[in-house]
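So the protein lines, in turn, are chains A, B and C. This note's numbering applies: residue -7 is where the first sequence begins, and numbers increase by one. This note's numbering applies: residue 123 is where the second sequence begins, and numbers increase by one. This note's numbering applies: residue 608 is where the third sequence begins, and numbers increase by one.
Bear in mind the hints are in silico, worked out from the structure with no lab data behind them. Heads up, a few of these hints could be off.
Claimed, not checked - Residues from chain B that keep clear of chain C, each with C-beta distances beyond 12 Å, as calculated:
1) A206
2) S212
3) V214
4) W215
5) S221
6) V223
7) L225
8) Q262
9) R276
10) S277
11) V307
12) Q346
13) Q395
14) R471
Claimed, not checked - Between beta-carbon pairs, the in silico distance windows are:
15) I152(B) x S215(A): 51 to 57 Å
16) F740(C) x L268(B): 50 to 56 Å
17) N386(B) x A640(C): 53 to 59 Å
We put the CB at the ideal spot given by N, CA and C, even for glycine.
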Amino acid sequence: MRKIKEFAADFGWPRIIIFLFLVSLFIVAPFVGVSISRSLSDTLNRFGQNAILVLALVPMVQSGCGLNFGLPVGIIAGLLGSTIAMQLGLTGWLGFIGAVAICVPFGLLLGWLYGQLLNKVKGEEMTIAMYVGFSIVTFFSILWLLLPYSNPAMIWGYGGAGLRTTITLDNYWSKILNDFLAVRIGSGFVFPTGMILFFALCAFFVYLFFRTKTGTAMTAVGSNPDFARAGGVSSDKMRTVSVMLSTVLGGVGILVYQQSFGFIQLYQAPLYMAFPAVAALLIGGASVNKASMINVVVGTLLFQGILTMTPSVINSILQTDMSEVIRIVLSNGMILYALTRKTKVSK
Amino acid sequence: MTKRFDFKRFVADNVVVVIFLVLTAIATPISGLSANYIIQDIITRIGRNSFLVFSLILPVMAGMGLNFGMVLGAMAGEIGLIFAVDWGISGVWGLGFASLVGLPIAVALGWLCGSILNRAKGREMATGYIIGFFMDGVYQFAVLYLMGSLIPMRSLAITLSRGYGIRNTLNLDSVRQSLDNLAMVKVFGFNVPVATYLVVGALCVFIVWFRKTKLGQDMRAIGQDQGVSNASGIPVEKTRIIAIVVSTVLAMVGQIIFLQNMGNMATYNAHRQTGFFAVAAILVGGASVTKATIPNVFVGVVLLHLMYIVMPRAGAELFGSAQIGEYFRDAFSYGAIALALVLHAWRKRRGVEIDRAGLRRNTVSPDAKGGQA
Amino acid sequence: MSANGTNGISPALRRRRIVVRACLVALYFAVGAWVLLNGREHTLLLDNKALADGSAPAFRRVKVYVDRHDPIELYARDRDMIKVRGQGHKIRIETNEGAERLEASFRLAFGEDMFLVSVPAMAKGDDGFCEVFKTADEAPRAEPSADEATPEPTF
């Protein structure tokens, strides 16, 4: 009994409530005519689509930079990767791998700059990260209009200048990971093997990375900077590495998202993309200064599960579209909970 | 402390202001807009926006940073306006009624926000930002689902045809520009909404007075050092909550003034950008996270809105696309906020380092701490 | 800088504080009611039509003053609209044709949005010259029983 209580306190009541909420949604679903297999399939699909974006937050949390509200920096790198790969006319696997290959150096560069900045503003990272993200998204909105892209599939038909707001990947690498080794069970259920595998691979690499010397040093910097400095670890360097890693993962994450979604979304679309990712990580049990692979997997599954289930189930019960309100309250409530919790513990 | 004017130092301390000055100085002639048009627009926009920006001053004084939670006040004001329109209270009376309805809501929300921020010391800004998002969901729930079903609504004109929920756009005809037109005076050919300016002026007087009260002094003390304040018997938590409550109430009134000038209200979007505009304005005006004054507000409103007026036109003239101009101004506004926050954080760290050095050597002049007062 | 919080407060001070707060709440509601009553907007439809029973003809031309609003000129069978605030109002007419009464005060019911003011009836001396006017789409709302009985229509 006591153990259960301890576990609950440790795991956090909001998470348990969210978990129970999701379970009850799945229980109710068949009674209101929502197909469970289709729902599960959707959940898995959205899990794979978003998981790497959530994973991208982990390095910075571990190194003590807090929640990376500046995830759009990485997303921009990813957008550069996919648009340039498309411009070069790469299709299929070559296209996707090309996009990743192009995205990585951009991610490293932007991440390095972003990391330098964050090192100058220790203690205020989160608000600044938010606005760095907003700034870069709006700044790149200008560039999407001005950069000399010329692939007719990407640019506005009439004026001829500037990229479209959404670019379809249909003839390029749409669903390439989703369909790789995809397993179809029954009528509605499709297991997106390739995408899940790709996520597992990334998560495994990150996991391995945190077992290396650099990785453990990074965790040390995050959990106890003074101790780490005494041990001869440069905190600035570790933080920079974590930001670069986070940014690159953010770029790769958006590429996976795009191939599953089927479109590249430009301009203002990435503006608020960090918030659902942050909410998912926190729902998974991470705190502002500690996150693990389990948190990523659990959190993304729970969060995306709820996002998939609420529109269909709640709408068939209440006859109104309440999912938007539930999504806003749930995700931001979770972030609020995490932001207000740490002080209480440390006090 | 010498009062000698040091140009380099001045620029370094006000780099955000200087950047904006230069930008608008370049963009204004390119836009090709007439001086008369720009001045008239600026006069209108000062009346429309400065009250909202003023709501940020108190929390800054209390050391809580920029109160992104002010959008809660904006929501309260919007709820007040919905009721004013619904019950057919028109003109300035309608604005007064909206404020009266919004008052308890703003106080309650402000108290809630302050209590949450007390549990998130050291990251008030990010937390306040998220509270705004969170409450946006609650607001949406209340206005889209409760109004007309649980909360009785009289007017069919403002409810959705399904019977409950408020329409996406609320027509504020009955209160449109009622405050502005209460005493519209022509000065050198420009229409000046004197009544609105008087309200803003009264708020300035209130802020000046408030700083001198015991509560105001307490807030400033807390802004300087929470530990010391606590030791000297100031109820830190309570005072911080009061700062946020007052800020929320002011934002509520500010949003009502803003919307009466606009003349209609995007029920579900009107408050989304309020915090961003207000924060951008005060930072562009040279305020920092720890220091904000009345001139900061006015300089900021003028500069930011000057840019908002000229940038799309300048973009259209320069690149043949007004869209680019709009992205430009958004990028610069976000950039200005980021830069101001970065500079502040950086100065604070430098200040700490100089303090450390000072402890070792005791010879550093307080002036060297980089523009922190 | 002492005696903070609610712990060390004497009963007298506490009582005074409660009284002050109660007064503030009362003041809030008083001001609210004042604003509500005075700010309430009603629409007056000024009607210059012959009465149904033929007891008073329409004016060929009449100038109508409501409170301090600008005068409205009505020709025969004209109808015009004016928005007023508050419940007590004065109406005055100027005309070259004969009228038994040129000036009258009237009160509006707070809850109603629209009223029909018959100028000939007013001039004749009828006190019921101002009556509630219902627009078509508002009619069902006015009967709460009907609302309860039938489910919400979904358009």
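Is the nearest Cβ of chain C still more than 12 Å from the Cβ of V223(B)?
violated (8 Å)
Status of V214(B), Cβ more than 12 Å from any chain C Cβ
V214(B) is in fact no farther than 12 Å from some Cβ atom of chain C, at 8 Å.
Against chain C, does R471(B) hold up as non-interface, every C-beta pair farther apart than 12 Å?
At about 32 Å from chain C, R471(B) clears the 12 Å cut-off, so the statement holds.
Honestly, do F740(C) and L268(B) meet the 50 to 56 Å range at C-beta?
violated (31 Å)
Taking the minimum C-beta separation from S277(B) to chain C, is that value above 12 Å?
violated (8 Å)
Using Cβ atoms and 12 Å as the threshold, tell me whether V307(B) really stays out of contact range of chain C.
holds (21 Å)
If I take the minimum Cβ distance from Q262(B) to any residue of chain C, is it greater than 12 Å?
holds (20 Å)
Just want to verify: W215(B) was marked as not at the interface with chain C; is every Cβ pair farther apart than 12 Å?
violated (2 Å)
Beyond 12 Å from each Cβ of chain C, as asserted for Q346(B):
holds (15 Å)
R276(B) clear of chain C by more than 12 Å, beta carbon to beta carbon?
violated (8 Å)
Any Cβ of chain C at or closer than 12 Å to Q395(B), or is the non-interface label fine?
Label holds. Min Cβ-Cβ 29 Å, cutoff 12 Å.
Assertion that A206(B) lies farther than 12 Å from chain C (Cβ):
Non-interface label on A206(B) violated, nearest chain C Cβ at 8 Å vs cutoff 12 Å.
Of the numbered hints given earlier, the model fails hints 1, 2, 3, 4, 5, 6, 7, 9, 10, 16 and 17; all others are met.
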